[in-house]
Amino acid sequence: MTALTVVFGIFAIWAVVSALLCITRTNAMASALWLVSTMFALAGIYVLLQAEFIAAIQVLVYAGAVMVLFLFVIMLLNVEETPREWKRWPVWLLASGLAAVLTAELVTLRGYSPGRLAREISTMPDSMAIPAYVFPGAMGTGPDPRGVVGKIAEPLFQAYLIPFEITSVLLLAAVIGAVVLAKKRL
Amino acid sequence: MTHFVWLAILLPLLGAVANGIIAVRRPDSRRLVSFIGVGVLLGAFAVSLGVLREVAAGHGEATKLLLWQWIPVSDRLTIDLALQVDQLSAVMLMVITGVGSLIHLFSVGYMQEDPGYARYFAYLNLFVAFMLVLVLGASLPVSFIGWEGVGLCSYLLIGFWFEVDANSDAGKKAFLANRIGDFGVLIAMFMLWWHVGTLDYAALAEKAPAVLPYGGTIATTIALFLFLGCTGKSAQIPLFTWLPDAMAGPTPVSALIHAATMVTAGVFLVVRTGVIFALAPVAMEVVAITGALTAFFAATIALRQNDIKKVLAYSTVSQLGYMFLAVGTGAFAAGIFHLVTHAFFKALLFLGAGSVIHSMHHAQHHAGSHADPQDMRNMGGLRKAMPWTFILMAIATLAIAGLPPLSGFFSKDEILAAAFARGETNGLYRVAWGLGLAAALMTAYYMSRLMAMTFLGTFRGGSDVEPHLHEAPAVMTAPLAVLGILSVIGGALNLPSFVGGSHGLEHWLEPVTEPATRLMDALVMPHGSVEYALIAGAIAIAITGLVVGVRSTLRSTIPTPAEAPAETGIRRLLYGKYFIDELYQKLFVGPLVWFSRRVLWQGFDQFLVDRMAVGGTARVAQGLGWLGSRLQNGQVAFYVTLFAVGVVLILRTLVG
Amino acid sequence: MLLGPSLALSAVLFALGVVGVLIRRNVVVVFMCVELMLNAVNLTLVALAQLHGTSGQIMVFFVMTVAAAEAVVGLAIILAIFRHVQTVDLKQFNLLKG
Amino acid sequence: MTSFLASVGYDRWILHVLLILPLLGMPLILLSPVRAARWIALVVALLEFGLGIGLWWAFDASNPGLQFVTDLPWMEGYGVGYRVGIDGISLLMVLLSVVMMPLVVWGSWRGIDHKQRGFYTLLLAMKVGMLGVFVSMDMFLFYVFWELLLIPMYFLIGIWGSANRLYAATKFIIYTFVGSLLMLVAILWMVFQVGKATGTYSFAYTHLLDNAAVLAPWGPWLFVAFALAFAVKVPLFPFHTWLPDAHTEAPTAGSVDLAVILLKMGTYGFLRFAIPFVPAFALSKTTGLVMSGLAVIGIVYAALVAMVQPDLKRLVAYSSVSHLGFVMLGIWGSTVESVQGAILVMVSHGLSTGALFFMIGMLYERRHTRMISDFGGLARVAPLMTLAFVITAFSSIGLPGLNGFVGEFLVLIGSFGRYPILVGVATTVVVFSAAYMLWATQRVFFNRFTNPRNEGIGDLNFREIAVLTPLIAAMFWIGLYPGPLLRRTEGAAKRYIELISPHLPEATLPGPITYGAPR
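Chains as they are written, first to last, in our numbering: chain A, 1 to 186; chain B, 1 to 656; chain C, 1 to 98; chain D, 1 to 519.
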């Protein structure tokens, strides 16, 4: 039980509790804020997992930009609380059942230990082999010599340059799409 | 000349093409058509004469003439388009081109006013070409070209006046009956090839005895299938019903195709493949009995027919029965002998009937009468108007009845004697002989009845018609006269020893028939007192039949068709031809058509496959689609639920 | 190494997201629950990136980009539909029904 | 001729040119004015004919293997190549296609009066597919061409067909697609298994054939998948019910192409693929009995059903089912004779049925009906057409001396040793075929002239004579002198028999004794 684990535990509990509240608050605004809270918790966990850059943009982009968008929309719609926000109990039952099974399964998947994964990857046929840059052999811990941003930037602008560029097209499309959809008349 | 025998085929073929073109381009060039139509036949006849001379001078060996490789399919099956010239084909050549020329000549007069004159000669020439292929073919497939080809021409010529439905029907019926027979020939060919390994006549004669065991099932089956083909082509029981209907064609056609040549092809085929039959005694018995039964039954039907051509048609069926009786007893030469003499006198009878009909038709046309020109009840006393025709037909009648010294006497006597001889060892042949004898009596009766109804007594067709009756033109009577002479002297071909002859035809054909006869028990012909008794009996029967026929016909009053009472009892049965046509219609044709339409087409195809199977599949797909569309209720939540369930299930397999 | 616990946490968060999608009727909230699930997946990727190098983080980067785009378009659609039916109740959103 | 062709390198380019020419013609037609469409199509067809006919001389009959072979890489990573070549069997089919091509275009000269550009474009597209199917020596390429054919045919029926065309077109496409999808699965499976066993993943026909032994364990599945695709196309009883509808509703050109080429693709497929890949299963006693049994049922059944058809075109369609049954019987007869007969039936059925459809089309153009009962006594007003129809009808029912007989005779005599009873049953069709053909001929051309509307029907015109004459001439040629044809297929047939002979069960009858006929 290292300190790391303890901190992780705190963040984990924070995230789960926030998520629970997010899905159970009747008020949409409250839900949204609890979601923001979850995201902050996750950002903390990212830091613990040595993904500092991701943690930063989690806060900036997700918690900041995307969620603000949600809040805007909620306010824009300005709906009263829907008379019956909750679905009937069979739905609850089904949802909980599904969630339980899903959790169980996902947790079991955790059984894919690093060794097992490596073994399975090595026995894959060549045709399914994953290019070398996907696994640059970095199993080591400790700070990366390239720095927090550098270790993301290098692959991002080299191996993943084309996908990266394509995301710009994606974003452009999203912008245009949003304008087209949301405006009453063009 | 033997090497140019293909000319005999080519000439009529060219004639057919030329006349065919004329028929399309300028159907009115009758002179040219007559010239080509008759000319090519005379040319073929000349070739035949040359061939005959050379065969006579030769040493009895067959000449095989390879024209080209027809179906060279593999090392073991190569069918050559080859011709075989030997004694048998020479005889057939002479009959076909000789009688054929006469009938062509007769047709010039008979068909003169028909709008389809050129077309008629095109068909007729084509027929001769095919018939020659049939008899000259060196192997079964080559003969089969002719075999089916003559069927085609027969179809076309029976339905020559196609605008009358009944004529087209008759043509189709003839072709179908022939085709049932062809089925037999085809199967026989398949079996021969697989069991003997060749379809060549000469090779068959050589190999078959070595390969096929005598009396074995295989030989018998092959022979019976071949014989099925013969019953179709030669109108024997059970496939004889087409021949009387075939009289729908022009009368010279009936004379050439349905009396003298094509219908005798069956007899020819049995003789050609005699070896196979000789190896199958059971098949021989079947051939003989079928022949005898056909001879008998057809003769009974002929007793009560009123249509002059129908009488002759049944008479032809009956006479063909005699020929099969002959070949069935192993007396191949006797069969061919009767074939030849029958060609003479039956062609004469038909042509005579043709000129009678021609005359009747013209007279009725002039008088504006619409009575049936072929119905003998409308005739009578024609002897005065048509003396030549009368005399010549009378000769033919005596010949067919078997009065000595006319040709029919010798040939028929030979057959009956052979059947009697076989009867010594095999009772079945005695029965056949008895049937033949009875048929002879009836032949004499119905022929004299025909003559009496047509030429004797007084004219019953109306006084307005009578003055217009006239003798046929010379172009028609001349062929009749030639045939008359041949009918008288035809017996000389094969004179028996008791009149000092030497069985000329029998010896002539020996090289052809020898391989077959060698395999069978020798035929010990009756001689001495038995022989004389048989001859005396035959003559007595013929005279009795003739006298009774004439006298009973003249004594009774003959009602015209309009006022004739309905026939009753056995007469009705005979008049209705035993109702075999109706029986076939009810038993085979009707049910088959019904079955095809209701069960196969509408039942199976349309209902079971289309509606149930194909339609059912479509319905199932539609149903599934409906279920699927129920899932698409538009509720996103519902979709997500399904999605989640799917994820869970997929993960389950990953985890498990 | 926090791989195991991280994956477990991500599983829990993902399941919560699913539950949220299933039980809520407000379309905006449902949409937020989808975002929650995306975050859970991101967590998985980051956790595994620890093991396999930075590619996982790159993936997260892309997921975020896509999520942003998706949120924009999705919300625009919600707006458009809202104008049409004047409600955010998912039950009334049945335009997809054939 | 041969040396001239060799001097221009004919064997190197001919197959490609045949495939490309129609492809070039298609955009040309679409881009040019409507009036020019049929002329372009005709010119392309004539070019194809003029160039393709050289194959007859360039083909080396003494070489039983593939000729004019080209093997270019295409999608190398997947083992797909542009591999083409022909042997004696393909040769005849290719020749039949190029010969029919101008006739089909010219035959539709007047019948198609709307959307001409589309029509002729599709016609050319279909030609590419047809030729492609017969020259492909790569399973992938073959499949592409095979499917390529369906689309134009679908539209030809669906757009230019008669009243019930949509039903027929849909039925056609569903039937054929279901079959061919299974074939795709079989092809992929084959490539995968052969690849696993040999290490070379390739769609090349020769590669697959050489290593067909490894496919034996999946014989039944592969055969069923292939057989379904091909049996639908043949069509083998009981998969035949799409054919009468498709034939009846299709425009003349569609019917002719369908009869002349498309149906042959099925039998060709059996001969080329379905049997050689899995001979042990395909030729086993049971399979053989089932397949030849179905063939014989089809022969007799279709003839009987044809007899009672009120629609002339439907009658001929059923007669096609009957004839193709002979091909199937010949293929399973598995002797050199029967296989050669089967190939010959494929050719001669194309000629006679093609001519029949042309003539029915001519009647339809004049009277806009195909019902037999609407006609009668036409021989008086249209003697030339009657002549042509009667010749063709007799060729169709196998009158010796015309083309139909030779093939059927060879099929029957060749198969008799293996299936004597079945052949016996099949032979009865000589009666039934005569029955339906003659009955129909009689009711259309003979009998009393009952319908006054037929008065102005007119005889064949020059164009129609020109379309029919080559066909009828070919009927006589094949009927009387099929030797040159048989010699060209003999090598391929013998090779095929050698290939399958280790897998043949014992014939029922002892083989014919080799007997040198005296010359």
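Please note that a few of the clues may not be correct.
Derived pair list, reagent style SDA-like, types lysine to any residue, alpha-carbon separation capped at 20 angstroms [unchecked claim]:
id, chain 1, residue 1, chain 2, residue 2
1, A, Lys183, C, Leu79
2, A, Lys183, C, His84
3, C, Lys91, B, Pro467
4, C, Lys91, B, Val640
5, A, Lys183, C, Ile77
6, B, Lys384, B, Pro467
7, A, Lys183, C, Ala8
Please keep in mind that the hints were generated in silico from the structure rather than gathered at the bench.
So, going through the hints one by one against the coordinates:
1. For a cut-off of 20 angstroms, the pair hint linking A:Lys183 to C:Leu79 stands: about 9 angstroms separates their Cα positions.
2. For a cut-off of 20 angstroms, the pair hint linking A:Lys183 to C:His84 stands: about 13 angstroms separates their Cα positions.
3. Restraint check: the Cα-Cα separation between C:Lys91 and B:Pro467 comes to about 108 angstroms, which exceeds 20 angstroms; the hinted pair is violated.
4. Only pairs whose Cα atoms come within 20 angstroms are accepted, and C:Lys91 paired with B:Val640 is accepted, the gap being roughly 13 angstroms.
5. As the CA atoms of A:Lys183 and C:Ile77 are separated by approximately 11 angstroms, the hinted pair is consistent with the 20 angstroms bound.
6. For the proposed pair B:Lys384 and B:Pro467, the alpha carbon gap of about 11 angstroms is at most 20 angstroms, so the pair holds.
7. Between A:Lys183 and C:Ala8 the CA atoms are separated by roughly 42 angstroms; this puts the pair beyond 20 angstroms, and the hint is violated.
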